[in-house]
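**Student:** Now for the letters of each chain:
Number of protein chains: 2
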Amino acid sequence: MPSETRQPSFVLVRPQMAQNIGSAARAMWNFGLDRMRLVSPRDGWPNADSVAMASGAGRLLDEAVLSEDVAGAVGDCDLVFATTARSRGLTKPVYSPEEAMRVAAERIAQGGKVAVMFGPERAGLENADVAQANALISVPVNPEFPSLNLAQCVLLCSYEWRRASGAVEARRDELAGAAWASAIEVEKLAEHYEERLEEAGFFFPEHKAPAMKLTLRNLWSRMPFTSEDVRTLHGVMRQMVRWKERG
Amino acid sequence: MPSETRQPSFVLVRPQMAQNIGSAARAMWNFGLDRMRLVSPRDGWPNADSVAMASGAGRLLDEAVLSEDVAGAVGDCDLVFATTARSRGLTKPVYSPEEAMRVAAERIAQGGKVAVMFGPERAGLENADVAQANALISVPVNPEFPSLNLAQCVLLCSYEWRRASGAVEARRDELAGAAWASAIEVEKLAEHYEERLEEAGFFFPEHKAPAMKLTLRNLWSRMPFTSEDVRTLHGVMRQMVRWKERG
Numbered sequence: 091m092p093s094e095t096r097q098p099s100f101v102l103v104r105p106q107m108a109q110n111i112g113s114a115a116r117a118m119w120n121f122g123l124d125r126m127r128l129v130s131p132r133d134g135w136p137n138a139d140s141v142a143m144a145s146g147a148g149r150l151l152d153e154a155v156l157s158e159d160v161a162g163a164v165g166d167c168d169l170v171f172a173t174t175a176r177s178r179g180l181t182k183p184v185y186s187p188e189e190a191m192r193v194a195a196e197r198i199a200q201g202g203k204v205a206v207m208f209g210p211e212r213a214g215l216e217n218a219d220v221a222q223a224n225a226l227i228s229v230p231v232n233p234e235f236p237s238l239n240l241a242q243c244v245l246l247c248s249y250e251w252r253r254a255s256g257a258v259e260a261r262r263d264e265l266a267g268a269a270w271a272s273a274i275e276v277e278k279l280a281e282h283y284e285e286r287l288e289e290a291g292f293f294f295p296e297h298k299a300p301a302m303k304l305t306l307r308n309l310w311s312r313m314p315f316t317s318e319d320v321r322t323l324h325g326v327m328r329q330m331v332r333w334k335e336r337g
Numbered sequence: 091m092p093s094e095t096r097q098p099s100f101v102l103v104r105p106q107m108a109q110n111i112g113s114a115a116r117a118m119w120n121f122g123l124d125r126m127r128l129v130s131p132r133d134g135w136p137n138a139d140s141v142a143m144a145s146g147a148g149r150l151l152d153e154a155v156l157s158e159d160v161a162g163a164v165g166d167c168d169l170v171f172a173t174t175a176r177s178r179g180l181t182k183p184v185y186s187p188e189e190a191m192r193v194a195a196e197r198i199a200q201g202g203k204v205a206v207m208f209g210p211e212r213a214g215l216e217n218a219d220v221a222q223a224n225a226l227i228s229v230p231v232n233p234e235f236p237s238l239n240l241a242q243c244v245l246l247c248s249y250e251w252r253r254a255s256g257a258v259e260a261r262r263d264e265l266a267g268a269a270w271a272s273a274i275e276v277e278k279l280a281e282h283y284e285e286r287l288e289e290a291g292f293f294f295p296e297h298k299a300p301a302m303k304l305t306l307r308n309l310w311s312r313m314p315f316t317s318e319d320v321r322t323l324h325g326v327m328r329q330m331v332r333w334k335e336r337g
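Taken in order, these protein sequences are the chains called A and B.
The working numbering applies: residue 91 is where the first sequence begins, and numbers increase by one.
The working numbering applies: residue 91 is where the second sequence begins, and numbers increase by one.
Just so you know, these hints were derived from the structure itself, not from any lab.
A few of these clues could be false.
Treat identical chains as interchangeable: a pair holds within one or across any two.
[As the list claims (entries may be wrong)] The list that follows gives simulated cross-link-like pairs (lysine to aspartate or glutamate, DMTMM-like), each with its CA atoms no further than 20 Å apart:
id	residue 1	residue 2
1	K182	E318
2	K182	D263
3	K278	E288
4	K203	D166
5	K298	E288
6	K334	D319
7	K182	D319
8	K182	E264
9	K298	E259
If you're wondering where the values come from, they're calculated on a predicted model, not measured in any experiment.
Kindly generate the complete structure, drawing on both the sequences and the hints.
**Tutor:** Below, the structure is given as structure tokens:
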């Protein structure tokens with residue numbers, strides 16, 4: 091059963107290598123997409139080579155909707171994108187993958203149905219296919235080396251779908267059970283080090299001592315310490331003192 | 091010769107399959123990255139299987155910097171990321187690929203040196219490798235199927251580098267030599283259709299005619315017509331009239 095999340099259908103148009111259909115299924119499912127449509131796969135359908143390559147994402151192949159032509163595959167959709175690596179001489183809006191998937195998510199949130207077409211490996215979509223799309227998607231590749239394969243193109247669009255539709259956190263902090271150190275903990279650490287270093291004769295020559303102390307205070311306070319880090323650093327200093335006292 | 095663009099180094103740590111080193115080189119160069127570093131590739135270096143797979147991006151392999159350990163590979167860098175698929179029990183910031191490459195671009199613009207580490211295929215980076223990084227990168231995959239391979243992970247980070255460092259246009263319009271129709275051209279088209287449709291008895295019943303005309307005017311004006319589209323539609327109407335007059 092396809093997942094219940096509302097999402098675009100990805101349409102592989104006349105794919106050539108059966109393995110690539112399997113790789114595309116994996117790339118889709120890596121990012122939570124599971125509606126595949128196929129237009130006339132060259133090597134027939136179903137296909138054992140596709141299944142072998144899809145390991146873990148085989149369900150997408152079982153559920154893939156097969157059509158004879160593009161019109162049949164995208165007829166129920168009200169927003170159709172065509173991925174393309176080159177200019178087509180057709181008047182169309184051209185979106186980045188990010189912007190396209192943002193627009194797709196918007197349309198789907200409004201109750202629309204969206205399809206994204208991917209062309210055959212060697213030559214890409216024909217102009218007759220592209221003419222049935224509302225807009226193009228062009229991946230911003232290095233113009234000196236624009237050789238993305240089918241599964242890579244599917245991967246990037248799937249990735250952008252997940253970014254557009256979900257909550258991808260830009261940054262979080264993995265704290266491994268620890269908590270951030272409070273300012274007072276850091277202050278006490280600074281004092282501990284300052285006292286011991288004073289005894290040890292670190293702040294020398296004397297006229298530079300205030301500046302050296304300030305530098306050290308500032309160093310501690312700009313570190314993203316956890317409470318555990320602070321305990322560790324207290325231990326470091328205590329050990330140095332013990333070692334010294336042992337003589 | 092590496093390109094002159096300032097950019098992060100991508101570091102493959104103990105890669106297992108030689109082919110994957112070639113695929114990673116292709117993925118990097120697809121998005122304009124060409125500084126690869128290698129830590130102890132399992133199958134030795136240089137490697138003919140890597141070269142065969144890198145077709146078109148072989149220069150990256152020739153220029154790859156080989157190190158024995160992670161410390162040697164990233165020692166000159168002041169911001170080191172480690173890509174990882176799982177939680178590490180280590181206190182670290184965890185970035186999305188997008189945010190990581192944004193931070194990398196910022197650091198590089200300030201004159202810094204950035205490295206991104208990728209682990210061996212099967213097990214990923216060891217905690218001892220991860221501990222040498224300043225931050226983690228986690229690709230936001232489907233938790234039910236988080237099976238990205240090495241080259242795919244390199245591809246997504248390379249893609250995000252290009253997005254972060256360059257001007258990726260969200261949307262442009264491919265105009266195929268045409269220009270957008272001016273308001274006056276659209277107005278004349280609307281008039282042409284309105285006149286002919288009036289003759290043809292389209293606006294019926296009469297009390298509904300003003301609303302029907304308004305609907306039609308609005309239809310024309312909300313279409314993203316080029317001048318060529320407008321000429322085509324004039325031709326359509328003229329032909330219908332000729333056809334009618336032929337009797």
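**Student:** Determine which of the earlier numbered hints do not hold for this structure and return their numbers in increasing order.
**Tutor:** Checked against the structure, the hints that fail are numbers 6, 9, while the rest are satisfied.
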